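S.K.: If you follow the hints, you should be able to join the two separate chains into one complex; please do so.
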Amino acid sequence: MKRCGVLLAILMAWILAFTIISGCSTPKKATTEEMTKPATQATGPSEEELAKQKAEKEARDRALREQAIRDQEAREQAERDKAAAEAARLKDLSKIYFEFDRFELSTEAREILNKVAEFLKANPKKSITIEGNCDDRGTNEYNLALGQHRADSAARYLQTMGIDKKRMKAISYGEERPICTEATEACWSKNRNATFVYSEKK
Amino acid sequence: MTERSRKSMPYFLALLFVLLLATAPPGHAKVYINIDSPSAQKFPIAITTFKNMNGASAQESLSPWFADTLGKTLEVTGFFNILDRKAFLVDQAKLGIATENIQFPAWTGIGAESLVTGGFTVSGRDLTLECRLFDVIQGKLIVGKRYTGKLEERKEMVVRFAQEILIALTGEKGLFDTKIAFAGKKAGSSEIYYVNYDGTEPVKLTNFRSITLSPKWSPDGKQISFLSYKDGAPDLFIMELSRHTVRRILTTGRLNLPASWSADSKRMLVTSSKDGSEDIYILSVADGKMTKLTNDPSIDVSPTWSPDGNQIAFVSDRGGTPQIYLMDSSGANVRRLTFEGGYNTTPAWHPRANRIAYEGMTGGAFQILTMETEGGMPVQLTTSGRNENPAWSPDGRYIAFVSRLGGKSRVCVMNSNGTNVRVIHEGLDNYVSPTWSPHLNLY
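Residue numbers (my numbering), protein chains in the order written: chain A, 2 to 203; chain B, 1223 to 1665.
Bear in mind the hints are in silico, worked out from the structure with no lab data behind them.
Keeping only pairs whose Cα atoms sit at most 27 angstroms apart, straight-line, the calculated DSSO-like set for lysine-lysine is:
no.: 1; chain 1: A; residue 1: K167; chain 2: B; residue 2: K1514
no.: 2; chain 1: B; residue 1: K1496; chain 2: A; residue 2: K170
no.: 3; chain 1: B; residue 1: K1377; chain 2: B; residue 2: K1426
no.: 4; chain 1: B; residue 1: K1452; chain 2: A; residue 2: K202
no.: 5; chain 1: A; residue 1: K96; chain 2: B; residue 2: K1452
no.: 6; chain 1: B; residue 1: K1496; chain 2: A; residue 2: K202
no.: 7; chain 1: B; residue 1: K1511; chain 2: A; residue 2: K167
no.: 8; chain 1: A; residue 1: K166; chain 2: B; residue 2: K1452
Some chain A residues flagged as far from chain B (calculated, every beta-carbon gap over 12 angstroms):
no.: 9; residue: E112
no.: 10; residue: N124
no.: 11; residue: T161
Here the structure is a predicted model, which means the values were calculated and not measured. Ideal Cβ placement from N, Cα and C applies to all residues, glycine included.
Just chain B, same shape as in the assembly (with noise of 0.2 angstroms):
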């Protein structure tokens, strides 16, 4: 820069900034979706059913499927109110797709602030799908998207346009590319299993016929750890998600129970029994190294890492009963944060701010409750039932947990202020212990 733009930039740069805020801010920076207002209303959306392009016979039910597709896939999300068809005042499929042809007025007229149109082209086996997504309340294109592949592509177009529409709104992708895993009971014998973010292909992942529980997802997502009795004694292992494939990395004829990983994925926090107690230790997985974190007599269990990898949050009852506590990564600096209720364990530690959400005994049953960690008052998420091991969505929008509601164990997810509760797992005798991968871009 010569001397005399530098002397002028400062007037320069205010003179943008005036006008800046004198402008309407570009769809892209706007707010839409307010994820964590803790009264956040569901966001009314219309999806008109999507334009058969070229008219190929044989694909009209391709209409309405793409329209239903999406508004489900959506719905899952908990943040949208995708308003019914029956409701609509014109056709815009007939009426055309693009920006110039949407009549805003008719769907700002039944509530909604969201548009989705789109086209299909099939031609033999080819697909191609145009999708845009309209703010009809300031009346313009916020995004629009071509896909082309084939026709059995079709579900995997929907699913990247909804990420395309969370992003413009919320700021994100969304999960729809997350997976949760837990370990379900049947018969005497625990297994771990995953499904989809939306509890869609349920997968076995082992078939020890054994006790198999806590799995924990590696942040790298190719992993997952787990305890298992198979080879006689409780030891810890990991599974390479690729192939399958197991390998024992800690055995000690006692307890050893996995717990967070790094988030490098290459150290795991673990509660060990090897040296007569329960201490926390921090586990190398490439040479088995194990650094001691606690060392005193009592149950010290359950440590997660926070985001920064600087503190710990753990369960201990050195103090006379099952408390939720805090330390630094180095084993220092002792400091217990749960004082409500006689029984407070399995704390996870939101991936993007000082909260842990744990379970407590309160009212004679289990709740997930959060907290703050500099400390304050619990907040209480679940009521009915009996609700436990809560595990964070990789966004800190979700919390995956087990409920426990008229005889019957579920797997369930709902959003971080605990309404849209929904079932992703149901029908074996008991789960426990979900856990949520990172994004693992299927998409």
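In isolation and in its complexed conformation, chain A is listed as follows (with noise of 0.2 angstroms):
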């Protein structure tokens, strides 16, 4: 009993509290208006008054909301504009093609491989595995080898361009990972490539 008594009297002592601390607030901006108004409002805000500021706050608020909608949207769509960009780019730097059972670099090859010397000094968050395939002419055995030599010809090249040994893995796959398998030259000459795969660096 006493204990609920003194229970009560913490209650009642919140409750006026926060009675006097709310209370505290909206009275001064009644003072306030009803100063500007004396005449007209002697006893506060018409219902039409407070249904209009009620309006016009919803308003606002929704407006609000609606412009957060927008930003957020906007940002989303930035992001995604910028890993497709990215996407791109990297697509460009994806690849790179070899003659039938030569691993030499071209001319295309070359500035391909400078851009992505250029992408991976701009990222240096970015390591690469260089993979290195082949068409299906020709031995298997000897196609791992060939497939070797290509991600080292273009591993090679990359390190002459200032890039970090460390951030490069070249492996081969030989004929064994083929995009295609028609035994047509424009299917061949796709299969002898080397693919560049971007990762973050562990």
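M.R.: Structure, rendered in structure tokens:
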């Protein structure tokens, strides 16, 4: 019983304090309004006024919310655009091609490798895996070796362009992971490549 | 030996020599089938239905079964023309199966050079099998054997006698106790399989769901080395066959390809690019120690030892195109072997001769060729489709290889002269690098 009484006292003190605190803020407004419009608002804002204020407030809130949503969408779109642009850039920087049974870098290959080097320099957190591939003519074992040679060719060139060996890995897949399987020069030339795969450096 | 006998020894030997020349040579020394003859004709042999010796009921079907099974077993060797039983002039099983019962003219009359008769006795689950091989031209017994065991061992008994026939007629027991392993590709991954030398009983050895290639059977028959990407990079593994346990023996982050084993199964030739370029090393299996043999910026790959271990054949593009080269096993004295054609790879050294089988691009497609290591003109063994990756049998009488014809890939075996091509596995998308086991002494 005693404890109940104490709790009740505390509760009442809380309510009183809360009323005073909350009561503190609103009266200010009412007081200001009263001072500027002494004659007409002797008893406070009319129902019409209140409704108008509420409507305006709701309109403002809605506008703010819609703006927030638009901002969010804009941010997301910007992210997507950035990712797409990077993907497109990486796609341009994803493959170089070779002649049959050769691992020398063509002029075109060097141009792409120059851009790869630029990209890697601009993104120091990225590392690159160079996958060497071959078309399926020729022997599996020889093609595994040739694929390694092709990957190494590209890696050595990037090294001369200033990319640290530690950021590069060169692996051969020989003729084991073809992009296409038709027995045509169009398909074979697609498979004679070094493919670049970018990842965050660990 | 006494003084006197030593003086007369030479005269005695001379007399013996003359006598030997004069008499007919004993049956087991006669060369019945000359394997190495390039146009070897098939040897005509007649196999009678086997006699049901104790007339045991419910075993009648074994009479033709033994004859048919022995016939099929011999036919796979490619050396025999199994004569059709419908052409037989006599029912030899009825007449009797021992030497004194054989009517030799009835057999020479249909063109046979050899005859096999047999008899079986089944008692419960026990089986006794007797088999005899006759030279019908000379009218005599060459070899006879009796086997006892269980009824379910009957196939094994047939194979054992087939081995006896081959020893008697070709000098060697044949390859019934050997197997052929290879890599098979399906839906983007590849695994190692093996089959019996006649293509029966396929076994899938790996299930890594990765790229797994280049199996090489060790000369002691107990291990297969191979390449696999299962740990993320092309590493070298050995599978111990009795328990199918796998251990990784070389990982360098770069390409490692297993190649031929040393004769004592303790070392192997490997291609590794660990030092920058693809070079050939000798790898000691027990401690992983590597000895570098080639040292140049070109591609050096697919090495294979000569049978005496003193030389190595390998593929190099140091001359501009992939060609086959020879070198001493120390790495010294490198010299080029192939000069015909612009792409010659996968050399396989004959187990007993200085001859190499390889695949060469000729007429726009790969074919299997052989060449003597002293040099000379290559001999082309295959002509249709695309034929690659030759592997010799342990006796050098056959070559296993991969054939692609009509869009289908198959593992095949042919006689070393290119005849008698037969399929030992098909159905997967693609096949690579068959390897032939040594004799596993299963019979």
